[in-house]
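Heads up: the protein sequence lines correspond to chains A and B, in order.
Each residue of the first sequence is one higher than the one before, starting from 1 at the first, in our numbering.
Each residue of the second sequence is one higher than the one before, starting from 1001 at the first, in our numbering.
For the record, the hints were derived by calculation from the structure and aren't laboratory data.
Using N, Cα and C, we set each Cβ at its ideal position, and we do this for glycine too.
Any given hint could turn out to be false.
Said to hold, decoys possible - Here are some of the chain B residues that sit facing chain A, going by a computed Cβ distance under 10 angstroms:
hint, residue
1, L1150
2, R1383
3, L1385
Unchecked claim - 16 angstroms max Cα-Cα, derived EDC-like pairs, lysine to aspartate or glutamate:
hint, chain 1, residue 1, chain 2, residue 2
4, A, K115, A, D130
5, A, K260, A, E279
6, A, K115, A, D153
7, B, K1225, A, D283
8, A, K249, A, D140
9, A, K300, A, E143
10, B, K1225, A, D49
11, B, K1225, A, D45
12, A, K260, A, D283
13, B, K1194, B, D1363
14, B, K1160, B, E1234
15, A, K117, A, D130
16, B, K1225, A, E116
17, B, K1225, A, D130
18, A, K249, A, D49
Okay, here's what each chain looks like letter by letter:
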Amino acid sequence: MTATPRSPHDGVYDVAVIGGGIVGAAIARELSGCDVSVALLEARDDVGDGTSKANTAILHTGFDAKPGTLESRLVARGYHLLSAYAEATGIPVEHTGAVLVAWNEEELEALPGLKEKAEANGYTRCRIVDADEVYAALPDLGEGVLGGLTVPDESIICTWTTNLALATDARQRGTTILLKHAVTGVEEGTEATTLHTAAGEVRARWVVNAAGLGADHIDRLFGHDRFTVTPRRGELFVFDKLTRPLVNKIVLPVPTSRGKGVLISPTIYGNVMLGPTAEDLTDRTDTATSEDGYAFLLSKGERLMPRLLAEEVTASYAGLRAAIDRSDYLIEASPEQRYLLVGGIRSTGLTAGIAIAEHVRGLLEKAGLPLRTREELPPPPRMPNIGEATLRPYQDGDLIDRDPAYGTVVCFCERVTEGEIRDACHAPLPARTLEGLRRRTRVMNGRCQGFFCGAAVTALLEQHQTDDGCRSQHKDNR
Amino acid sequence: MTHQPRLITPDVLIIGGGPAGLTAAAELAGRRAGKILVVDREQDAGGIPRHSDHTGYGLRDLHRVMSGPAYARHLLQAATAAGAEIRTSTMVTGWADADTLDVTSPEGRYRIRPRALVLATGARERPRTARRVPGDRPHGVYTTGQLQNLVHLHHRPVGKRAVIVGGELVSWSAAVTLREAGCTPALMISQYPKAESYGAFNAAGRTVLRVPVATRSRVTRIIGKGRCEAVEIEHLDTGRRRTVACDTVVFTGDWIPDHELARAAGITLDTGTLGPLTDTALRTSLPGVFAAGNLLHPVDTADVAALDGKHVAEQVVRYLNGERPSDQGVRLIADAPFRWVAPQLLRPQDPAPARGRLLLWTDEFVRFPKVTVRQDGRVVSRRTLAWPAAPGRVFRVPSGLLDGVSPTGGPVHIGLR
């Protein structure tokens, strides 16, 4: 056993993981804790820039998964793994709990079945409550609530920090992170597979496909034809922070055959979110918001919580879920090709990511890749806190006394300080773009959307721009 | 937290170092009202005029005209010379308790408990998201505030061809800034029907600016991956839509006051302005807390904000001397097409509003506006004013029209014909 990570032998990595989202980063982290060399290939210029950045950011108990599925098992386990990992790394989490709200008789009658389903999934803390109890918890809900089901452990989490923590951890364990490496071709050899990418060739003995929206394309490059990804667009509204006192719990709709429906949720940054819509598209890059989406959300919101709609919208965005034509995760190894597919990971992938990585490790071992855990792994990274529930740098007098840069507020709406922007630009996985900086610090995400700080933030980003070698595969990244 | 925040106790704390705050500070310090502290979260005090690098500032308060940055420097110097303390890069982040504010600055985290407080936090433009304009989320979409910051303070390039959304005074200011930055303002989009709606610029001014205007129009979509490529616009009457190519979009006007601290303190807001509801002495609903400037009337020109600051100073002095307002008073209500009126409360024995003017915002253009003041079904006064009521800029009404109002009557309605 060794304490140091393996380097690629003759330029050939033991494993290449395609996709720098939460699932890919979790897998790279898991594998680079073993005695193998790992490369993480990301098509875009930052990790977590695809489906992982724009989900509903809920840490799911898995109470409503389909019992007996792989998804149900991995979400339930992932809940505990990610909760512990968040504790260790400082990923912001708030254990708000959720209430599933019934607005008509049909939904009310569905509640006992949902409670039984939760129990079949091993989650036993759901309780059926009457309308009074729902209104006691959420007094600003619209009229007409008939009852509800409580899910006390459903929580909100920072999806951005989760992705960054996993990728940073992977990197510190020795994973080579290759950004702007969109895979365009696959050449299977007897010893190694050559991945043709937008930034040159990458060779690896084993390949894990965690490419999210592109997973079926990659799968076809390996000669398979087993599934098709349908980009399912979800649009969301983020309301002003002044609305947060209205919503202290996740408000879930009773799921129907048409999907999970529109929820209202507090966000980890102190806002309130309304969404998502669900619309199947063909264009895998279409993350535009739409008039129909807005109208739909506003009509739903009007019913769910009219007071919310009187407030200002801070942001709206759309994310794409990688929906596939089956109702479970599709995780399969092809040992003869030294290839493993991780497909169909929907929004639950945020919660399940670390459990998926464990599962993948087991499948790879079974398929013939020896994986021995290394001793003395570096400790997990300590991530900057961008959540609203615990002390942020601008509130920390001791920290400001030590370093006045944390007392210089640059983004007024989100209270982001110069120190945090500087740190994000020099982190192991630094911010390279305004979008990357937004996800690391919340800068410019507030109600003024850059009216006050946009120009100053742009200047700071340029001033602190660093090259960490992640864009090129040839530089030593340690 | 082991840290015990320091506490400072000035006589007056002014939050916001723009024209209103700095003028109030200069006036209060000049009247020897005690220790006057101004805090501003920006690196430099002066407010929006700092990055409005064109002339036209200072007319009503200083009776001369200068550029925005020169005006900001002048106000700062006047406040400092009078003895007020100005702390910049100093942000009030919230309330520690009912009379104490939490502050973050490079000098540390501390608290301020003043005897009297003036909120002068100004206003900002609603960005694209708050206006609920769907589409892609490309680069190159700004508010005027961000645009002017980029161009005038940071000397950064913008695109080549811009669409300006809005037809307010500030929209023309955006056009000037774009031209200076080498970006052609290709089209201005306004929901209003007539060219006269576009603010104070006369035909000659518009000719110089040469910006074509799409009237009765709105933006329905932003298009472009990475960089902005076009906007889709709709004619409000015909419903016809077309796309207009542009790499830059500036969302102008559509102001909202920065009322976060006021709301957090539970101060009553006016539903029209969304700023604190105030009487003509600029008192808010919280004793000892005053408000001035564009926080109250989003948005009037810098000199009018400054004159608010001058007006509020005298009221603060009276408060510090123990004077308290009458608990009587009647509400002023803006009837359509007026969107709001400021101030909104008329109390017996109170002074006339700043400059002897009520400020109103209209949604309709009326060239010869007849303003009618009614109370309890009775016409108190009626006067045809010599200046038009135009959307996109503040409409001023002499407060003498309120002279016949009964301080014990019902709400006072201000209407327009």
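Here is what the structure says about each hint:
With its C-beta approaching chain A no nearer than about 4 angstroms, L1150 of chain B sits inside the 10 angstroms limit, and its interface hint holds. The restraint placing R1383 of chain B at the interface with chain A is violated, with a minimum CB-CB distance near 35 angstroms, outside the 10 angstroms limit. Checking L1385 of chain B against chain A by beta carbon gives a least distance of about 33 angstroms; that is not within 10 angstroms, so the hint is violated. Under the criterion of a C-alpha separation no larger than 16 angstroms, the hint pairing K115 of chain A with D130 of chain A is consistent with the structure, at around 14 angstroms.
Of the pairs offered as hints, the one joining K260 of chain A and E279 of chain A holds, with about 12 angstroms between alpha carbons and a cut-off of 16 angstroms not exceeded. Taking the CA atoms of K115 of chain A and D153 of chain A, the gap is near 14 angstroms; set against the 16 angstroms cutoff, the hint holds. Between K1225 of chain B and D283 of chain A the CA atoms are separated by roughly 13 angstroms; this keeps the pair inside 16 angstroms, and the hint holds. Note on K249 of chain A and D140 of chain A: the hinted pairing holds, with a Cα-Cα distance of about 12 angstroms set against a maximum of 16 angstroms.
Between K300 of chain A and E143 of chain A the alpha-carbon distance is near 13 angstroms, which keeps this suggested pair within the 16 angstroms criterion. Annotation: proposed proximity of K1225 of chain B to D49 of chain A holds, straight-line Cα distance about 14 angstroms (limit 16 angstroms). With a C-alpha separation of about 15 angstroms, the suggested pair K1225 of chain B and D45 of chain A falls inside the 16 angstroms cut-off, and the hint holds. Our distance criterion of 16 angstroms between C-alpha atoms is broken by K260 of chain A and D283 of chain A, whose separation comes to about 22 angstroms.
Of the pairs offered as hints, the one joining K1194 of chain B and D1363 of chain B holds, with about 12 angstroms between alpha carbons and a cut-off of 16 angstroms not exceeded. Distance hint between K1160 of chain B and E1234 of chain B is unfulfilled; the C-alpha atoms sit about 23 angstroms from each other, more than 16 angstroms. About 20 angstroms separates the Cα atoms of K117 of chain A and D130 of chain A, which puts this hinted pair outside 16 angstroms; it is violated. At roughly 46 angstroms between alpha-carbon atoms, K1225 of chain B and E116 of chain A are farther apart than 16 angstroms, so this suggested pair is violated.
The straight-line distance between the Cα atoms of K1225 of chain B and D130 of chain A is roughly 48 angstroms, outside the 16 angstroms bound, and the hint therefore fails. As the CA atoms of K249 of chain A and D49 of chain A are separated by approximately 27 angstroms, the hinted pair breaks the 16 angstroms bound.
When held up to the earlier numbered hints, the structure conflicts with 2, 3, 12, 14, 15, 16, 17 and 18 and fits the remainder.
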